[in-house]
Structures are given as C-alpha cells and as structure tokens.
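Number of protein chains: 2
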Amino acid sequence: MIITIVGLGLIGGSIAKELNNRSLGTIQVYGVDKNPSHGEKAVELKLVEKVISMEEALAESEVMIIATPVNIIEKILPHILDNLSDNQVAIDVGSTKSDICLAVKDHPNRKRFVAAHPLAGTEFSGPEAAILNLFHGKKNIICEKEKSEPEALEKALKVFEFLGMNTFYLNPEEHDKHLAYVSHLSHVTSFALSQTVLEIEKDDKQIFNLASTGFASTARLAKCNPTTWTAIFEKNPDYLSEAIDVYIKYMKKYKELVDQRDWTGMYAAISESNKISGVLKGIKQNIKS
Amino acid sequence: MIITIVGLGLIGGSIAKELNNRSLGTIQVYGVDKNPSHGEKAVELKLVEKVISMEEALAESEVMIIATPVNIIEKILPHILDNLSDNQVAIDVGSTKSDICLAVKDHPNRKRFVAAHPLAGTEFSGPEAAILNLFHGKKNIICEKEKSEPEALEKALKVFEFLGMNTFYLNPEEHDKHLAYVSHLSHVTSFALSQTVLEIEKDDKQIFNLASTGFASTARLAKCNPTTWTAIFEKNPDYLSEAIDVYIKYMKKYKELVDQRDWTGMYAAISESNKISGVLKGIKQNIKS
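Protein sequence lines correspond, in order, to chains Y and F.
Numbering of the first sequence is given in our numbering, commencing with residue 1 and proceeding in unit increments.
Numbering of the second sequence is given in our numbering, commencing with residue 290 and proceeding in unit increments.
Just so you know, the hints here were simulated from the structure itself, not pulled from any lab data.
Built from N, CA and C at the ideal position, the CB exists for glycine as well.
Mixed in with the good hints there might be a few duds.
Unchecked claim - Distance windows between CB atoms, simulated:
no., chain 1, residue 1, chain 2, residue 2, range
1, Y, 245, F, 554, 37 to 47 Å
2, Y, 26, F, 312, 53 to 63 Å
3, Y, 167, F, 290, 55 to 65 Å
Same shape as in the complex, but just chain Y:
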C-alpha cells in the first residue's frame, strides 16, 4: 500500500515518520513537497522512502494525506480530486475546515475526500520538527463524514487509528468556531506577549535574564511558523476576531481591577479562572521520542 504525504512539515512529516517507521514495511510512504530542500531532508530523516511529483503521487497512491498550509490545501484539493480514481482517498489534515470543505462541496469526487484535523502539534516547523508519538492518545476531528463514501471514511479512520488517535465528528462551522477559542486565540495571545516583552527589551537588555518557566509556557507558541499561522487566521477570521474581542474584554477587566486596587475582585477573578484545571487535566502532553 502506498501512502503519499503532501507537505512534509511538522504535521505531514510526523505522520510520515510514524507510518514509515511503524508499519513494518506494509506501507510505502512517499512524499510531495514543492520545496526541494524539505523533500531531501525528509528522505534523509527517513520520514519518507522517496520524494515524487504530484502527478506520480496521483497515479500511484492509494491514500494521499494533504498537510500543506490551509490556504494551499484549499487551492490544490480540487485538482487532486479531479484526478482521483474510485480506489484512491484524499485526506486533508488542515487546522481550519469551512473553506476547505466549501472548495470541494460540489466536486464530483467529493466522496473520495475526508476532511480531518488531528489536534496535535508543537511550536516547531519543517521536516526536522517531525517526531514520533505526536498524535498518540490525542483527538482527531472529521467533518462532514456523511459526504465521504463509507469505504473512504473507513480508510481514513484506519490511518488515524494507526497514529493512536480517537476520532470525533463535528460540522466545519462548529469546528472553526471552537478552534478559534481553544487553539487560534492561544497563538495570538503568545504572539502579542512576545512582542510586548520584545518592545520593552529595546530599552532594557537585561529583562530576559529574568524570564522563567511561566513566561516560557505562555510565550511558547510565539515560535510557531508564520506561513502556517497566517494561513490559519486567514481561513478563520470571523470566529478569531470574535474570540480576540472576548479576550480583550477580560484583559481590560484585569487592568481595571489593578487600577482600582480592587483586590477582592481580583481574588474572585483568579478563582474563577482556576476552574480551567479540570479541563487541562484531560489534555495529553507530547511524549518525547
């Protein structure tokens, strides 16, 4: 069985690595990447057996997994579906779902496509960032499962099962709304935090000597790839804007509590925010490998 990964970055590379290293030779893993140095690196790191062209991939693969930035997925997916036969499946693993699903809504081959989003990642990017176990024990979302042929869906589920994931189902709008709050907003808060501290650093070189694990945790996502994340924001602007609005409202409330020296109100607000612990408990951390 040949599985081709299109886009050999953090996510595509980690899927490739898992399939290539743990399928005991039952799966041949090929790669497609428009960046030749990414392709070479992916072969060198044994993420994929070889790098092929999109045309070769369309001719040879039983499964194609599309892991490019989301704006590119939207662009290349119709062309991929144009060329798929009835024993081939295309799966996308992009972090937004509405525009991608919309782009192939009326495509005659829509049934050979599965729209997915494995909820996993790190702050690093490129083929060098690919790690084993990235997906293990984490959640995968599939959207519009009713639009995929049962046998195509089944194949996709097997891939995500192989990666150790549990699959849930949502419609694309719900997906994009939820992700704006629990993922995309977290990235914006990290980017803004990073820039705030970098601004102060212009006047004061010593400030970073004092950064500790708390700062590292909240600013970690500020290392994320700008191409990947600009595309995600571009494909989810309305929900993201709404989430940033609610967030700024709370930041302003904290500023007001500080400015009014309202420490009873501050205690109450922090206690309220503590209720997130139960949620955080359920989140599996990345296993080093």
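Once you've looked at the hints, dock chain F against the given chain Y.
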C-alpha cells in the same frame, strides 16, 4: 544548623524539601505555618522535621526563610527583624521586592535581612506541590545587597547555591518592573484566556474536547493560587498596569490585522514575535523528581 521555613507552600515547601533531603543531616529544617493542616502535611511529606511556633523559630533558627504571600512577608518581616540577634539571618523569597524592602528600610536590624527572589515555580500550590530540583539551574535575584551585612549575604548565597541557583543583583524597582513584564503579565494573560474559554463553554459544553497542548501551555498558569497572585499584583500594581496596557495594544493590533484581512501585516507581526525563540532557549524547564 537550624533553618526554619516560614510558609510551607510550593516555594517554601520546595526549599524545605531540598534542604531536608539533601543536607545529609547537617541542617535541621523546621517549619512555621499559620495553617495547621499545611504544617501537618509538611511533616508527613518530610519537607520539615517538625513544625514550631514563630517564637520558637526566632529563638532557635540560624536562618529564617520567609515564603508566605508577599503581603504577609511585608507585615511579619519587621516583627521578625525586631527579634533577630546578630548571628541570625532572615531571607525572604517573595515575588515582589519594592514594598518589602521599603517596610524595613530604616529597621535597626535591616543588615540581618537579605531580600531575594528565586525565579522558579509551578502552577500548583500548598505543601503537596513541593518538589525537589525546582530551583536547580535557575536564577535567583537579590536586591539591595549593600544593605545586608556581608556575612548575612554570604549565608543567603550559600542557601541559594545549595539549591543550585545562580544569583544576580538588581535594585527593587528594576526587579518589580522586569517581573511585571516577564512573569506577572504572563499570569494575567492565562487568567484572561481561561475566563474567555469558560465564558464560551457556558453555551457549548463540547468546546473543551478540542483543547490541545497549545491551549494547555498558554492557560497553564490559570491554575495558580489566587491568594499568592492577588498579593503579588497588589504589591506591583503600577508596573503591572503598564505591562497590561502595552499588551492590550498588541492584542488590538492583531484584531485589526484580522478585521482588515491584512495577511501581509499578519505574517510580518508573527515573524516579529518569532524573535522570542532566542530568549526561550535559555530557560531551563522544571526537572521531574
């Protein structure tokens, strides 16, 4: 040698645990805590040999380490200094320094006091949160070292060396300004993020199924103790308010980029925020023990 830890929470408890477990019996570690159940727990967990009263501590200890919330440090420190003899040292380990230093500025025993802030912590609290290696390889700040007698300073440095820390020197104002940006602000951003997502969750119970490692990282500090953190904010309101202001400015800029669909500007902003990587590289993570 008897060292007494006043306040057996995360920080005091972790200092006690380190001293009690790794001094090979050369140090007797006692504890003072106004909460009897914290005291009992600290003895049960072998953080301290026994719990004693403040009066006993003042009579018997060579070194007293004060690790209560910062507003309490400010209140009890003058009383502690009133009762210290010339062979005793008091060290505070609070996260703000200006008001604490101000409270004992003209105290006749100021020279027996060392104002310190070991830059370490986790999101957990209480004696159960105490861990070994919390301080290892991390930075410690001492303020107004010229106001401590050389021999008292030397004793404090030995304690922080024992914990595996490197000590730096800052004045209290600089300390409080820097920490507002690289620590206190991070906590506010986490509290606000947690409340934003909890607000959405009222309408949508499913949202938390989708929270992943990125959210966990940025919202981790929202588990922090409200008593500890209300006191820190209360003791550093001006710098914190300034830091929140700068931060809100950047959050508004991100909202504007999204609302104006300015993806070139977005790419540039994220790239700018990426410059934080160099800083984050230098931060040592907590070692599990």
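These are the hints, each one checked on the structure:
1. 245/Y <-> 554/F: 37 to 47 Å: violated (19 Å)
2. 26/Y <-> 312/F: 53 to 63 Å: At 57 Å between Cβs, range holds.
3. 167/Y <-> 290/F: 55 to 65 Å: holds (60 Å)
When held up to the earlier numbered hints, the structure conflicts with hint 1 and nothing else.
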